[in-house]
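Enquirer: So the chains spell out like this:
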Amino acid sequence: MIIRHMMVTAVLLGIFAIIGTGMVAYTYDRTDERIAVNEREALLRSLHTMVPPAMYDNDLPSDTITVTSKEFLGTNKPVTVYRARKDGKPVAAILTPIAPDGYNGTIKLLVAIGYHGNIFGVRVISHHETPGLGDAVDVDKSDWIKGFHGHSLGSPDELGWHVKRDGGIFDQFTGATITPRAVVKAVYNSLQYFKSHRDELFITHKDSTDTAHDPG
Amino acid sequence: MTQVSYPTIIRDGLWSNNPALVQILGLCPFLAVTNTVINGLGLGLATMLTLVLSNVTVSLIRNAVRPEIRIPVFVLVIASFVTAIELAMNAFFHELYNILGIFIPLIVTNCSIIARAEAFASKNAVGPSFVDGFTMGLGFTGVLVTLGAMRELLGQGTLFAHANLMFGEAGHWLTITVFDNYEGFLLAVLPPGAFLGLGLLIAIKNVIDARRKPEPATVQTMPVDAGATA
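Order-wise, the sequence lines are chains A and B. Going by the working numbering, the first sequence opens with residue 1, and the numbers climb by one from there. Going by the working numbering, the second sequence opens with residue 1001, and the numbers climb by one from there.
Careful: at least some of the hints might be erroneous.
Some residues of chain A that are not near chain B, with every Cβ distance over 10 Å (derived) [claimed, not checked]:
#, residue
1, N104
2, H162
3, D199
4, E200
Covered by chain A, according to a simulated footprint, are these stretches of chain B (three or more residues, beta-carbon under 8 Å) [stated by the list, open to error]:
#, stretch
5, 1071 to 1079
6, 1082 to 1089
7, 1092 to 1101
8, 1181 to 1195
Since the hints were derived computationally from the structure, they do not count as laboratory data. The C-beta atom is built at its ideal place from N, Cα and C for all residues, glycine as well.
Just chain A, same shape as in the assembly:
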């Protein structure tokens, strides 16, 4: 009797599990395409704030390469680089480095660098900085991040690539120096990485197509 009771109960639980899983699977099937489109559009929107659509003609979200540099890109994990080209010629690379030394953990960045080494734009993708203080690096909160536009390795010189308190040209925020310091340093490191690896970043070997297009 008890065995039978247990069996029925187990089967019942199994049926509910199957129905629940089936519902989730169905929803996933109906939404996954749309979610992929959304993610692609969101990515394109943020890329377009730095590299306008008129400047390139390739498929930006999928023309990627992954590179690894703990020293310059802030993480020992592979970092995605989006490559903008026009008529097959390189226009800009958008690096996704990490500023590892934010006030509260890592700050993920997008750094768009023109082929000639000048910055097209910098954006913060995600951060955990203090609301109202460090979060001014977010373009929704202040225009500070737009101050990188047009700068390059030589302009300002190495000493200038710091916040003002450290003798550089970039503003710190009232009550928050660590966050902008971390971002300035990460952008500077990205520029250095770009300078020393530019040709590798834009490479399109046919035999390396698979790895170059690996979004991971």
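Keeping the supplied structure of chain A fixed, place chain B upon it in accordance with the hints.
Expert: Below, chain B alone, put in the same frame as chain A:
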């Protein structure tokens, strides 16, 4: 169990047994996302939808489920609905989804949902369960939006900022800048502001209750489920 009247269910959900102000359930997402009206509204509506769907489903299957597997089945029902809602939000309100982030899947852990399933829907017919889920959700949403409005107004001097995330581009006009060139009041945006705001709302509710003529003691259909807090 005696049949509960609809007015009682509605009054319980919206006021006398409000999930946020009286049961104090689901605090984690509640306190975390209420820094703006729109965030509060987004989470509130998602929670309300989950409550309605899970209450109705639990009520429909209440006679088929054996007591031993009651809780796992409820959890299964709630988790399935939340996952489906999460996917749907990601598909149709992508940017709002990005902001609410982890708190959508965390609706699963909002104890007010399983509390309603266990305490109400598993003992009542579909109609009352639907109304119970709806009004409990509405009561929860109302408090989320109120707290969100308080914190947004104090914290950044606006109301309905980023309404476009929920209502599309047409939502921009909804955003009201109440104070121009407002410096912001950090405390309201940070977690302590959420606790202070919620405390204030609970206090206001208690004051209102105390000032009303002492009613004939309201029969609480559901005792506050203190054991289910997480």
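Enquirer: All the hints need checking, so say for each whether the structure fits it.
Expert: Against the structure, the hints:
no.	hint	result
1	N104	12 Å, holds
2	H162	26 Å, holds
3	D199	35 Å, holds
4	E200	32 Å, holds
5	1071 to 1079	holds (count 5)
6	1082 to 1089	holds (count 4)
7	1092 to 1101	holds (count 4)
8	1181 to 1195	holds (count 4)
Every hint, counting from the list given before, is met by this structure.
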